[in-house]
Amino acid sequence: EAQVTQNPRYLITVTGKKLTVTCSQNMNHEYMSWYRQDPGLGLRQIYYSMNVEVTDKGDVPEGYKVSRKEKRNFPLILESPSPNQTSLYFCASSRGTGATYEQYFGPGTRLTVT
Amino acid sequence: QKEVEQNSGPLSVPEGAIASLNCTYSDRGSQSFFWYRQYSGKSPELIMFIYSNGDKEDGRFTAQLNKASQYVSLLIRDSQPSDSATYLCAVDSGYSTLTFGKGTMLLVSP
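The listed protein sequences derive, respectively, from chains A and B. When you line the first sequence up against this note's numbering, it's residues 40 to 153, in that order. When you line the second sequence up against this note's numbering, it's residues 3 to 112, in that order.
Isolated chain A (complex conformation) (with noise of 0.2 Å):
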């Protein structure tokens, strides 16, 4: 089955402590990204990677990591998480970008940082 996993899909942490939330796809897309989603503020794109090894900012990129090492992984680092972090995460993963590239979504990780 075509699908986005993330892992954890819940997690509370406290602040301080170094996380890392995975994204893995079966679709061999090239592009992935990461969202966050928070009341009001709609969904906001952290990073964006278009390839291996190849990673961009998004629009709210500060407090966060990514990497690219393989096709398949996106993992999303917060290196020293905040209580502003406290949102839901979504992967993201797509052939390519442009009007015909339908986004696939992962189920969403919903993290809490105390």
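Don't read these hints as lab results, they were simulated from the structure. Possibly wrong hints are sitting among the right ones.
Partial chain B-side listing against chain A, Cβ under 7 Å, derived [to be verified]:
no., residue
1, Ser45
2, Arg62
3, Gly105
Incomplete in silico selection of chain B near chain A, CB under 7 Å [as the list claims (entries may be wrong)]:
no., residue
4, Arg30
5, Ser42
6, Pro46
7, Leu48
8, Phe102
Note that the coordinates shown come from a computational prediction; the quantities given were computed from them, not determined experimentally. Backbone N, C-alpha and C fix where the C-beta goes; we use that ideal spot for every residue, glycine too.
Start from chain A and add chain B according to the hints.
Chain B alone, transformed into the frame defined by chain A:
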């Protein structure tokens, strides 16, 4: 700063009616436009995309694009209670990123 504006709603319509969802965008260079549906607690799923001026129909859904007015809309005919969700407008400005609106909540009452 690219902006995509949507009325937050909720938009309430009775079952069987036409629901009209609207979206405006600020970047005149925007090329492609997407409508996603998101049920509460779930991930967004694509309903339609459009990139040419005019209408595009897919079943009960019609997307309308007017680039001169920087306006895109989604019409849902014969609305069903199962259509109750938040609808997200997204704009691809050709810079490898999608900018999403905050979404419009649609409530379809039986």
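Taking the hints in turn, this is what the structure says about them:
{"no.": "1", "hint": "Ser45", "verdict": "4 Å, holds"}
{"no.": "2", "hint": "Arg62", "verdict": "19 Å, violated"}
{"no.": "3", "hint": "Gly105", "verdict": "6 Å, holds"}
{"no.": "4", "hint": "Arg30", "verdict": "17 Å, violated"}
{"no.": "5", "hint": "Ser42", "verdict": "11 Å, violated"}
{"no.": "6", "hint": "Pro46", "verdict": "5 Å, holds"}
{"no.": "7", "hint": "Leu48", "verdict": "5 Å, holds"}
{"no.": "8", "hint": "Phe102", "verdict": "4 Å, holds"}
In terms of the numbered hints stated before, the structure departs from hints 2, 4, 5, listed from lowest to highest.
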